[in-house]
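2 protein chains.
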Amino acid sequence: MDKRAIGVFDSGVGGLTVLREIIEQMPFEDIIYFGDTARIPYGTKSSQTVIKYSQQNVRFLSQYDIKTIVVACNTASSIALKNLQESFDIPIIGVIDPGAKGAVQKTENNKIGVIGTTATVRSSAYQDRIREINPEISVIGTPCPLFVQIVEEGWEDSDVAELAAKKYLIELMDHEVDTLVLGCTHYPLLRYTLNKVLGNKVTLINPAYETAKALKEILTEKKMLRKSGETPVRRFFVSDAPEKFRRIGGNILNMEINNVDEVEIEKY
Amino acid sequence: MDKRAIGVFDSGVGGLTVLREIIEQMPFEDIIYFGDTARIPYGTKSSQTVIKYSQQNVRFLSQYDIKTIVVACNTASSIALKNLQESFDIPIIGVIDPGAKGAVQKTENNKIGVIGTTATVRSSAYQDRIREINPEISVIGTPCPLFVQIVEEGWEDSDVAELAAKKYLIELMDHEVDTLVLGCTHYPLLRYTLNKVLGNKVTLINPAYETAKALKEILTEKKMLRKSGETPVRRFFVSDAPEKFRRIGGNILNMEINNVDEVEIEKY
Chain A
1 MDKRAIGVFD SGVGGLTVLR EIIEQMPFED IIYFGDTARI PYGTKSSQTV
51 IKYSQQNVRF LSQYDIKTIV VACNTASSIA LKNLQESFDI PIIGVIDPGA
101 KGAVQKTENN KIGVIGTTAT VRSSAYQDRI REINPEISVI GTPCPLFVQI
151 VEEGWEDSDV AELAAKKYLI ELMDHEVDTL VLGCTHYPLL RYTLNKVLGN
201 KVTLINPAYE TAKALKEILT EKKMLRKSGE TPVRRFFVSD APEKFRRIGG
251 NILNMEINNV DEVEIEKY
Chain B
1001 MDKRAIGVFD SGVGGLTVLR EIIEQMPFED IIYFGDTARI PYGTKSSQTV
1051 IKYSQQNVRF LSQYDIKTIV VACNTASSIA LKNLQESFDI PIIGVIDPGA
1101 KGAVQKTENN KIGVIGTTAT VRSSAYQDRI REINPEISVI GTPCPLFVQI
1151 VEEGWEDSDV AELAAKKYLI ELMDHEVDTL VLGCTHYPLL RYTLNKVLGN
1201 KVTLINPAYE TAKALKEILT EKKMLRKSGE TPVRRFFVSD APEKFRRIGG
1251 NILNMEINNV DEVEIEKY
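Protein chains in written order, with our numbering: chain A, 1 to 268; chain B, 1001 to 1268.
Since the hints were derived computationally from the structure, they do not count as laboratory data.
There could be a bad hint or two in this list.
Chain B stretches covered by chain A per the calculated footprint, using a threshold of three residues with CB under 8 Å from any CB of chain A [to be verified]: (1) 1038-1045; (2) 1157-1171.
Result set (DSS-like, lysine-lysine): computed pairs, CA atoms no more than 25 Å apart in a straight line [unchecked claim]: (3) B:K1082 x A:K167; (4) B:K1196 x A:K167; (5) B:K1267 x B:K1052; (6) A:K166 x B:K1213; (7) B:K1101 x B:K1111; (8) A:K267 x B:K1052; (9) A:K52 x B:K1052; (10) B:K1166 x A:K196; (11) A:K267 x B:K1267; (12) A:K106 x A:K244; (13) A:K52 x B:K1267; (14) A:K196 x B:K1196; (15) B:K1067 x B:K1267; (16) B:K1244 x A:K167; (17) A:K101 x A:K213; (18) A:K244 x B:K1167; (19) B:K1166 x A:K166; (20) B:K1244 x B:K1106; (21) B:K1244 x B:K1223; (22) B:K1166 x B:K1067; (23) B:K1244 x B:K1213; (24) A:K166 x B:K1267; (25) B:K1106 x B:K1213.
Think of the CB as a built atom: it goes at the ideal place given N, C-alpha and C, for glycine as much as any other residue.
Kindly produce the complete structure, drawing on both the sequences and the hints.
Given below as C-alpha cells:
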C-alpha cells in the first residue's frame, strides 16, 4: 500500500467530474487537486502554451508527496501528456487512452464520434488512439466549443443547448455513429440533451469514469491502492477566484470543499 | 502635433473593433496593439487578476514611444481603469465613460440597458457612470456570457444566437429600455440578431465608436492629433497564437495584419 496522495490537475472546475469518479471508486485516497482557473480555457490556446501551462501545473503538484498525477483535462491530455511523461519521473496518466478504450469496447458498428474543444479534436488524440487499437473503426471528430459556456451558464437542459447540439452533431448523425466520446469534462452534464438529440441508440462514453477505472486497476496491480484508512485528506488549489471554485466545485463534487488556496502558478 | 503612437490593449481580438473605429476616425496615427490571447477571457476572472493582467499590459505598451493608452476591453475598463490611471503617468482612457455618455445622450424615456460579460455587469461601472451623469435614469444590467462564444463560432446570425438573445434580454424588454449599451467588444457583431429580438425602437450604443470619438476630441483639444503624414505604422503583439490573430483579426479590421509578434506577457 502506498499512502502518498494522488495529484490531479485541470484547467478549472471541469476536472472535478474526473475527481468525483476517482473518489467514488477509490474513497480512501488522499488528493491534491489544482484547477488553473486564471488561465482557463485551454481548449482555444496553442499547443505550445498548453504544454507550458501543463508543465507548470505538474511542477506545482510535484512539490507534494504524491504517487501519481492524473491530467483531468481533455485538452492537456491530448496535447501535453507525452511531453509531461517524458519530462517528469512521476507516473502521469491522462483521460484519452481510457476514454478511447471504453469507446472501442462499446461500439458494435465500428463507427465512433468524438466531441470536445477545438484543440482536443484538432489534436486528433482520441481519433488516433482509437484507430491504433482497431484500425477498422472509422472515427469522426467535431469540436463543440459552445458546450462549455452552455454548461457554465446552467443551460444544459435548455432549448439553446438542444439547438446547438443539433447544429454540432448533424454530421456525426449522418455518419450513423453508435458510440460518442464526451471528450471534454463539462460534457457529461449535457447527457440528457445529447440523448434527446441523438436518440437512445448512441452510447455516450464518459472518459472521467473510464480514467478512474483505469487508475484503480493500475494502483491495484502495483499494490499502491489504499483500501482503507483514516479520513482521506483532500486539498484544493486554484490560480484564481477560490470562492467561486468552492461554490461551483462543491456542486460538481456534491460535497463541501473547504481547503481551497490560491496559487501564483506563473512562478512554477 | 504629437507623432508618438497610440497604445491599445484588449484581452484578445475583440479590441480590434475599437481599433477599427480609431483608424477610421484618426487614420494617420501610429498604433501599438496588444491582445492578451493567452489569458483571454477576462470576463470570468476575479478583479484582482484582471487588475494584475491590465498592469502587465500597460507596462508592456509603455516600453514604446506612445502618447496615450486605450483600454479597449470592457472588463478591464470596468475593473482596472482607475487603478491604472493612478499607477501610471501616461494618459489612459477606457470605453466605459464614452459608452455611458453616448447612451445618456440617446435615451428618451430614461431607461437604459447594459449588456456585457459577468465581470463587467457585476462591476456596475456602466450603471454607476450613467446614474452619475443623470440620476433620473434607471439602468438595468444583464450579463450575456454566451454571446462571445457565439460570435467566435461565427453563429451571430443563427437561431442559437436568437434564442440566447431572447433568454438574456427578456428582463430588459420587460423594463422597456429604449437604449442598450453593447458593453463587450464582440457584441456589435450581434447587431442584426439584437435588432431582430428587440425591435427597431431600441437604439444600440457601440462604445467602440464613442471611445474613438472621445479620443479624437481629446487629442484635437490638446493639439496632439496627427492630421496628415506618412503611411502610419501599426504594430501588433499577442501573448499566444499570432497566426490565429492574423487570420481572425484581419477579418475584424478588414485589412491585412502583417506585423504580429508573440510576447511573454507574464514577464512584465
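So, going through the hints one by one against the coordinates:
no. : hint              : in the structure
1   : 1038-1045         : holds (count 5)
2   : 1157-1171         : holds (count 6)
3   : B:K1082 x A:K167  : 43 Å, violated
4   : B:K1196 x A:K167  : 21 Å, holds
5   : B:K1267 x B:K1052 : 12 Å, holds
6   : A:K166 x B:K1213  : 42 Å, violated
7   : B:K1101 x B:K1111 : 14 Å, holds
8   : A:K267 x B:K1052  : 14 Å, holds
9   : A:K52 x B:K1052   : 20 Å, holds
10  : B:K1166 x A:K196  : 22 Å, holds
11  : A:K267 x B:K1267  : 10 Å, holds
12  : A:K106 x A:K244   : 37 Å, violated
13  : A:K52 x B:K1267   : 14 Å, holds
14  : A:K196 x B:K1196  : 29 Å, violated
15  : B:K1067 x B:K1267 : 23 Å, holds
16  : B:K1244 x A:K167  : 24 Å, holds
17  : A:K101 x A:K213   : 11 Å, holds
18  : A:K244 x B:K1167  : 24 Å, holds
19  : B:K1166 x A:K166  : 19 Å, holds
20  : B:K1244 x B:K1106 : 37 Å, violated
21  : B:K1244 x B:K1223 : 37 Å, violated
22  : B:K1166 x B:K1067 : 43 Å, violated
23  : B:K1244 x B:K1213 : 29 Å, violated
24  : A:K166 x B:K1267  : 44 Å, violated
25  : B:K1106 x B:K1213 : 15 Å, holds
In summary, the structure is inconsistent with hints 3, 6, 12, 14, 20, 21, 22, 23, 24 from the numbered list given earlier, while agreeing with the others.
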